[in-house]
Each structure stands twice: as structure tokens, then as C-alpha cells.
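From just these sequences and the hints, can you work out the full model?
The primary structure of each chain is shown beneath.
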Amino acid sequence: MFNNKKLRIAAALMVLLIGLLALAGNTVQVRENPTILEKGLRIVASPFQNGFHAISNVFDGIGVYFADKKTLEEENFKLQQELDALQYQIMRLEETELENMRLKELLGYKDANKAVYQLQLAETIAKKNNNLQYMITINKGSDDGVKAGMTVMNHYGLIGRVSSVLSSSSEVLLLPDHESAVGARVKSTREALGVVKGDGTSTGNLHMVHLQHDAEIAEGDVIITSGLDTVYPEGIPIGIVTSIGDDANGLTKTAYIAPYVNFLQLEEVFILMNSGGGSGR
Amino acid sequence: MKYALLVFSAFIGIVLQDTVFNAISIAEGKPDIVLILVVFYALFHGHIHGGLLGVAFGLMEDLMTGRFIGLNAICKGLTGFIVGLMSERLYKNNFSIPVITVFVATFLHGIIYVCCGAVIGLNLEGIRLMMVSIADAVYNIVFSPFFYAAFYHFYTLNKEE
Numbered sequence: 001m002f003n004n005k006k007l008r009i010a011a012a013l014m015v016l017l018i019g020l021l022a023l024a025g026n027t028v029q030v031r032e033n034p035t036i037l038e039k040g041l042r043i044v045a046s047p048f049q050n051g052f053h054a055i056s057n058v059f060d061g062i063g064v065y066f067a068d069k070k071t072l073e074e075e076n077f078k079l080q081q082e083l084d085a086l087q088y089q090i091m092r093l094e095e096t097e098l099e100n101m102r103l104k105e106l107l108g109y110k111d112a113n114k115a116v117y118q119l120q121l122a123e124t125i126a127k128k129n130n131n132l133q134y135m136i137t138i139n140k141g142s143d144d145g146v147k148a149g150m151t152v153m154n155h156y157g158l159i160g161r162v163s164s165v166l167s168s169s170s171e172v173l174l175l176p177d178h179e180s181a182v183g184a185r186v187k188s189t190r191e192a193l194g195v196v197k198g199d200g201t202s203t204g205n206l207h208m209v210h211l212q213h214d215a216e217i218a219e220g221d222v223i224i225t226s227g228l229d230t231v232y233p234e235g236i237p238i239g240i241v242t243s244i245g246d247d248a249n250g251l252t253k254t255a256y257i258a259p260y261v262n263f264l265q266l267e268e269v270f271i272l273m274n275s276g277g278g279s280g281r
Numbered sequence: 001m002k003y004a005l006l007v008f009s010a011f012i013g014i015v016l017q018d019t020v021f022n023a024i025s026i027a028e029g030k031p032d033i034v035l036i037l038v039v040f041y042a043l044f045h046g047h048i049h050g051g052l053l054g055v056a057f058g059l060m061e062d063l064m065t066g067r068f069i070g071l072n073a074i075c076k077g078l079t080g081f082i083v084g085l086m087s088e089r090l091y092k093n094n095f096s097i098p099v100i101t102v103f104v105a106t107f108l109h110g111i112i113y114v115c116c117g118a119v120i121g122l123n124l125e126g127i128r129l130m131m132v133s134i135a136d137a138v139y140n141i142v143f144s145p146f147f148y149a150a151f152y153h154f155y156t157l158n159k160e161e
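Protein chains in written order, with the numbering used here: chain A, 1 to 281; chain B, 1 to 161.
Keep in mind that the hints were calculated from the coordinates and are not lab data.
For glycine and all other residues, C-beta sits at the position ideal for the given N, C-alpha and C.
Where hints are given, some of them may not hold.
Pairwise CB distance ranges, derived in the manner of DEER restraints [claimed, not checked]: (1) Gln89(A) to Ala118(B): 47 to 57 Å; (2) Glu123(A) to Asn94(B): 38 to 48 Å; (3) Phe154(B) to Asp229(A): 48 to 58 Å; (4) Glu28(B) to Pro47(A): 43 to 53 Å; (5) Tyr3(B) to Arg31(A): 23 to 33 Å.
Here are some, though not all, of the chain A residues that point toward chain B, as calculated from beta-carbon distances under 7 Å [as the list claims (entries may be wrong)]: (6) Leu20; (7) Gly25; (8) Thr27; (9) Val28; (10) Glu38; (11) Leu41; (12) Pro47; (13) Gln49; (14) His53; (15) Ala54; (16) Ile55; (17) Thr124; (18) Ala126; (19) Lys127; (20) Gln133; (21) His178.
Next up, the structure:
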């Protein structure tokens with residue numbers, strides 16, 4: 001038999017467990033306004049995240065170094081040392097060059113679309129991508145005019161929307177997250193209205209649901225935002241239809257979409273400053 | 001001082017989880033510093049303190065980076081509690097014991113995470129998450145000796161006092 005102390009501990013444990021489960025259950029939905037405690041902790045963590053983000057770039061470089069290990073083993077010790085130094089320099093230059101190319105592409109896109117979109121460049125400082133949640137933290141916040149609900153994209157296409165904002169950083173809910181949903185249509189025909197959602201798996205793929213069974217949609221069609229959800233502006237590319245399947249109810253069908261954006265490799269993003277703000281889902 | 005260091009380690013561990021550890025992730029696995037701290041604390045202080053520290057650190061992790069407030073608190077709390085229950089039967093001077101405990105505890109934490117996630121209605125890939133737990137566990141084994149040395153030092157120091 002349990003004695004009183006064990007019973008008390010078991011009861012306290014049960015109460016704590018149920019309380020925490022209820023709390024977790026209540027926070028399944030995306031919240032635009034984090035609690036003061038969350039805000040405080042994240043503001044404190046933000047400079048650390050920025051610092052460690054810089055360190056993680058060095059780790060990426062170390063990965064490249066090890067990929068070339070076999071070649072380096074064939075060199076003598078002196079040449080190896082020289083090679084190490086040169087390779088490190090090359091790696092840094094390549095990284096800078098790649099960054100320049102990315103920024104040039106982004107800048108070109110920004111200039112080409114300045115009449116339509118008011119874009120603000122931001123850098124990803126933390127990522128959380130597993131099949132529970134797809135989110136990134138960016139280094140722009142309310143001090144830069146960012147508001148919850150604003151659309152986030154890059155020159156490839158739609159990324160997601162700002163879900164919560166702190167003074168110097170913001171969290172972005174990515175399209176593959178199961179809480180994301182965006183009104184969409186086929187670009188060429190302007191028909192086939194549906195809703196694009198994450199498929200809830202680790203692949204980062206998307207699917208377009210609520211398509212009427214006779215909707216004109218085919219493999220290879222380009223999917224763009226419809227603007228009908230009032231959250232995302234019209235005409236932002238999302239991805240390409242890879243396959244289509246009928247739903248069990250016989251009334252609707254689902255299109256499977258390969259997104260233009262690689263959600264696992266988001267480094268620089270655009271915040272669409274003349275979108276959403278405050279009208280988030 | 002000891003507790004301040006413990007909290008600071010957990011804080012840095014949480015920040016590293018979403019930054020540097022992303023860069024060294026293999027098979028989606030990453031070290032979980034907070035879990036290592038909870039497991040070792042439970043080993044030395046028993047199930048009640050281990051469970052409570054697990055809840056506190058899990059909650060801190062949820063508040064700092066999580067969306068589902070309480071999920072990590074439950075998982076780390078239960079893991080700390082169970083490890084604490086087992087700790088009375090473990091011989092802590094044997095170096096292999098804490099390493100094996102960290103491996104088993106990480107896997108156990110993964111199971112609890114999947115179960116609790118299902119209870120609160122999350123759409124989970126259970127088998128994949130379990131595979132990721134194994135990768136996490138391997139990483140945790142690599143990191144655990146550093147932390148165990150610190151814990152063992154503090155523990156034996158307290159005993160002597």
C-alpha cells in the first residue's frame with residue numbers, strides 16, 4: 001500500500017501533469033502576442049542568438065573543410081598547412097560571393113517590384129523546423145516597423161507570415177507549418193481556387209485543398225496566392241503542382257505542390273511592409 | 001552560485017539548440033543540453049528534485065523557443081522524475097552508468113514527447129521522431145562526460161562538506 005507521502009507526491013504529479021497538458025493544449029494555436037515572460041526571455045536570448053548564429057556559420061565552413069579531407073591527405077605536411085590556410089580563405093570568399101549573389105538577386109527583385117511591394121530585408125537568426133513546427137526567427141522587429149501578420153517572402157516565392165513581434169526580432173510562421181493556410185489559385189487560368197497548407201511532414205511539401213472536382217488544374221501548373229484570404233497579397237508565387245488526387249468525398253480534390261522556396265535553407269528574407277500587419281489569421 | 005551556473009548552462013543550451021547545433025546536426029539529431037542537465041541532476045538529487053528541475057527547465061525552454069507552452073516541461077519533468085526513481089539503484093562512480101542513463105533517458109524523453117504531443121492533438125510522425133531521438137541520444141552521449149564531470153565534482157564536494 002502507498003503511504004501518505006507517496007500518495008501526496010503522486011497526486012501532486014498528476015495535478016502538475018494535467019495542468020501542463022492543458023496549458024500545452026491551449027497553446028497549440030499560433031499566438032500573435034507572447035506573454036510578458038516569453039517576451040522577456042526572448043529579448044534576453046536575442047543577442048546570444050545573434051552571436052551564436054555567427055559561430056554556426058563557422059561550423060558550416062568546417063563541414064566544407066572535412067569534405068575535402070581526402071584530397072588534403074595526399075599532400076605533405078607543409079603543403080597541407082598552406083592548403084588549409086588557402087582553403088579557409090577561399091571558403092570565406094566563396095561564402096561572401098554566394099552571399100553577394102543572394103543579396104544581388106534579392107536587391108534586383110526588390111528594385112523590380114518596388115512599385116508593388118514595399119520590401120524590408122531581414123536575416124534569419126534561429127530556425128525551428130521539425131514536423132511539430134516550422135518557424136524562423138528574424139533580426140527585424142517592431143523597432144523596424146514590423147507587425148504581426150506581415151507577409152514574408154524571398155525572390156523565389158512565399159515563405160510565410162510574421163506570427164509574433166519583439167522590439168528587435170520577430171518569429172515567422174512558415175508555409176509548411178500545420179497552422180499555416182493561404183488562399184491560392186492557378187497562375188495561368190486564374191481558376192482553381194483552393195487553400196494551400198503544409199502537409200504536416202518533415203518534407204516541407206505543400207498541398208492545395210478544397211479544389212472543386214472539376215477545377216482546371218494540371219501537373220506543372222504554377223500556383224500563386226489568390227489574395228482572397230486578406231492575409232497574403234495576390235500574385236506571390238508558391239510552387240508547382242506535382243500531382244493531383246481525388247478526395248474520398250468525391251466532391252473535391254487535392255493538388256500536391258513542390259514549393260519554390262527551400263524552407264530548410266532560409267538565410268535572407270523579405271518582409272512585405274505594406275501587407276497584413278495586424279490582420280493575421 | 002551552483003544553481004546560477006546550472007540555470008545559465010540551461011539558458012545557453014537552449015540558445016545553442018536553435019543556432020549552432022543546427023549547423024552540426026546529423027540525421028536531424030542535435031544535442032539536448034537541458035535534458036543532460038536534468039538527467040544528471042536527477043541522478044544525484046533523486047526523483048522529486050529531478051522532476052521539479054525538469055519541469056522548470058522544460059518550461060524555460062518552452063517560453064524561450066517553443067510554441068506549445070508546457071510540452072517540454074512535461075517531457076523533461078517526467079524524464080527527470082523517472083531517472084531520479086532509478087538513480088537509487090545506480091552506482092554513480094561507474095562512468096558508464098551516467099552515459100547509458102543519458103542514452104536511455106533521451107530515448108524515453110522522445111517517447112514521452114510523441115505521446116504528449118498526440119494527447120494535445122499534434123500531427124506527429126512518431127517513428128521518424130523516435131529515429132531522431134536515437135540521433136539526439138548519440139549526440140547527448142558525446143556531450144555528457146563534460147557535464148558529468150562537473151556534477152560529480154559538485155556532488156562529492158557537498159558530501160565532503
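Here is what the structure says about each hint:
Evaluation of the 47 to 57 Å hint for Gln89(A) and Ala118(B) yields a pass: the beta carbon distance comes to about 50 Å. Range check, Glu123(A) to Asn94(B): about 47 Å between beta-carbon atoms, so the 38 to 48 Å window is met. Distance hint check: the CB atoms of Phe154(B) and Asp229(A) are about 55 Å apart, consistent with the given range 48 to 58 Å. Taking 43 to 53 Å as the suggested C-beta distance range, the pair Glu28(B) and Pro47(A) does not conform, at roughly 27 Å.
Evaluation of the 23 to 33 Å hint for Tyr3(B) and Arg31(A) yields a pass: the beta carbon distance comes to about 30 Å. Hint on Leu20(A) holds. Least Cβ distance to chain B is approximately 4 Å, under the 7 Å limit. The closest approach between the C-beta of Gly25(A) and any C-beta of chain B is roughly 4 Å, which is under the 7 Å cut-off, so the hint is satisfied. Checking Thr27(A) against chain B by beta carbon gives a least distance of about 4 Å; that is within 7 Å, so the hint holds.
Given the 7 Å rule on beta carbons, the hint for Val28(A) holds: about 6 Å separates it from the nearest Cβ of chain B. Annotation: interface hint on Glu38(A) holds; nearest CB of chain B at approximately 5 Å, less than 7 Å. The beta carbon of Leu41(A) is positioned within 7 Å of a beta carbon in chain B (closest approach about 5 Å), and the interface hint is therefore held. Against a cut-off of 7 Å between C-beta atoms, the interface hint on Pro47(A) is violated, since the closest Cβ of chain B lies about 10 Å away.
The restraint placing Gln49(A) at the interface with chain B holds, with a minimum CB-CB distance near 6 Å, inside the 7 Å limit. Interface hint status for His53(A): upheld, as the beta-carbon distance to the closest one in chain B is roughly 5 Å, under 7 Å. For Ala54(A), the shortest C-beta to C-beta distance to chain B is roughly 9 Å, which exceeds 7 Å, and the interface hint is violated. A distance limit of 7 Å between C-beta atoms decides the matter here; for Ile55(A) the minimum to chain B is near 5 Å, and the interface restraint holds.
Annotation: Thr124(A) was flagged as interfacial toward chain B, and the flag is violated, the nearest CB pair being 10 Å apart, outside 7 Å. A distance limit of 7 Å between C-beta atoms decides the matter here; for Ala126(A) the minimum to chain B is near 4 Å, and the interface restraint holds. Evaluation of the Lys127(A) hint against chain B yields a held restraint, the C-beta minimum of about 6 Å falling below 7 Å. The beta carbon of Gln133(A) comes within 5 Å of a beta carbon in chain B, closer than 7 Å, and the hint placing it at the interface holds.
Below 7 Å, beta-carbon pairs count as interface contacts, and His178(A) has one with chain B at about 6 Å; its hint therefore holds.
Checked against the numbered hints above, the structure breaks hints 4, 12, 15 and 17 and satisfies the rest.
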